[in-house]
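Enquirer: Chains as they are written, first to last, in our numbering: chain R, 1 to 285; chain H, 1 to 265.
Hints are computed from structural coordinates only; laboratory data are not their basis.
Incorrect hints may have been included.
As the list claims (entries may be wrong) - Using 25 Å as the maximum straight-line C-alpha spacing, the simulated PhoX-like pairs for lysine-lysine come out as follows: (1) R:257 <-> H:142; (2) R:68 <-> H:125; (3) H:125 <-> R:67; (4) R:139 <-> R:3; (5) H:253 <-> R:139; (6) H:253 <-> R:283.
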Amino acid sequence: MVKFLPLKQAVAENLNDGDSVAFEGFTHLIPTAAAHEAIRQGFRDLTLIRMTPDLIYDQMIGMGMAKKIIFSYVGNPGVGLLRRARDSIENGFPRAIEVEEHSHAGMANAYEAGAAGLPCAVFRGYRGAGLAAVNPNIKSVTCPFTGEVLAAVPSIRPDVTFIHAQKADKKGNVLVEGIIGIQKEAVLAAKRAVVTVEEVVDNFDDLHPNLTVLPRWTIAAISVVPGGSHPSYAHGYYARDNAAYLEWDEIAADREKFQAWMQANVFEKNAGDFAGRVEHLRKAA
Amino acid sequence: MSDNPGFTPNEMMTIAASRALRNDDVCFVGIGAPSAACNVARLTHAPDITLIYESGTIGTAPDVLPLSIGDGELCETAVTTVAVPEMFRYWLQGGRISIGFLGAAQLDKFGNINTTVIGDYLHPKTRLPGGGGAPEIATSSKEIYITMAQSKRGMVEKIDFFTSFGHGEGGDHRKRLGIDTAGPTLLITDLAIWKPDPVTKEFTVVSLHPGVTRQQVQESCGWVVKFAEALDETPAPSELELTTLRDLQARTKAAHEGTGKAKAA
């Protein structure tokens, strides 16, 4: 049954060294506060799963927390490269990581298969693409009806998934709206799910009936962290901090500058600091 | 090229690319140069074009160019926003995209694209972001348009990694792999418009932008360039096209810097 917990406790109770973990959110609703809490608690040997590793995995890889990364786009969206991830892949700094690379279609299908309780996903993909030759987890199956050769990848079943969402009701049901990305699939594919939310409301009685609501019994823990997605965004609450994404390019380019930034902005801060970071990004409603 | 033609090579590239899009196209938009071209098309001759970004936003009409494929405005202005698995399964794999519009870090003459690594995959000299949606966009869209600024580093004889498949080794290579979509049918650079040879599938220059010479095209390209016998000159940007593009870029710049300024305040 879902518990409302302080973020520190929610992370401590659900994440362990060596876990496979997905912090999902496709550009929108990236669970930055949860990732920063995981960094403060210093987990090791994680298998990090995310379609677009983004800043949070650049930070976790830069802190040496990952032994493996499963992804489909290791860039800073619209800006360029993820420089801590690059340093790890190119130079083994601060440690070498194992890389399992897919396409977006491959990852999306694999999460969906995980949510559906299937062992693998089947789709029309990777045709002529070099990834099939370097990733042994990309295989093919032949359709028994038509003979068409299709791509197959193992489903994604993380030990734990973290997402950020707009709101929970008092019972712990969770609403996700806007660019819903892969949130629902990532939660349902995981053994346990932790959700940070912008706010808690009395009930969801006034919601449109087809909105994406994750029933409370699909979630292990909920933490209320306003601004918890910054510098990503929460549709209806605050905008994406595009300037912060541009700034990250410079911070992550230098090992010492990165460490100093992590010290000042992660280790010496806590989940309560996120609300202040989005003040200037809140739209006048 | 004349000293001051009144527009930059990049502006010519974006505008030439925008002209290739039709009002009834359903276009899967890559970020960067393709995004600018697609939105110029929408704001000029193709107001009803359906623009789709891989974040699941279908029929979007942003006022400023998004920095990422998942900026909030894409969702706010979209006809509908779907989950990412649905995006790739029903809409792309389902065969509903007429044009996939891609950029490239490295491109070869057969329209194969590398955005994954420079050097060896396991020990890369430079680890680039990778494919994202591109591997399946390249094979499931009915046609592929590519746009990039020319350089010897970018347009190479042999790419380091096949992120997304164009015409492979040329000829009927797509067919041999069981891929029944057309693949790259158009390449728009800052200097020229290129189309694949109907048989060999090698990109061939069919139109030079105003003031551009054959020599300039060759000097900024890593393979021996083929030119069509009847070479056109790309019409210069119209006043409306230029104003539309510049206004869009000015709005975009102001919007993306805005959050930073407010932060400093």
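Enquirer: Now look at each hint and say whether the structure bears it out.
Expert: So, going through the hints one by one against the coordinates:
The suggested pairing of residue 257 of chain R with residue 142 of chain H is violated, with an alpha-carbon distance near 46 Å, which exceeds 25 Å. For a cut-off of 25 Å, the pair hint linking residue 68 of chain R to residue 125 of chain H stands: about 20 Å separates their Cα positions. Pair hint residue 125 of chain H plus residue 67 of chain R holds up; C-alpha atoms about 21 Å apart against a cutoff of 25 Å. For the given pair, residue 139 of chain R sits about 40 Å from residue 3 of chain R by alpha-carbon distance, which is inconsistent with the 25 Å threshold.
Taking the CA atoms of residue 253 of chain H and residue 139 of chain R, the gap is about 43 Å. The hint is violated against a cut of 25 Å. The suggested pairing of residue 253 of chain H with residue 283 of chain R holds, with an alpha-carbon distance near 19 Å, which does not exceed 25 Å.
Violated hints, in rising order: 1, 4, 5; the structure is consistent with all others.
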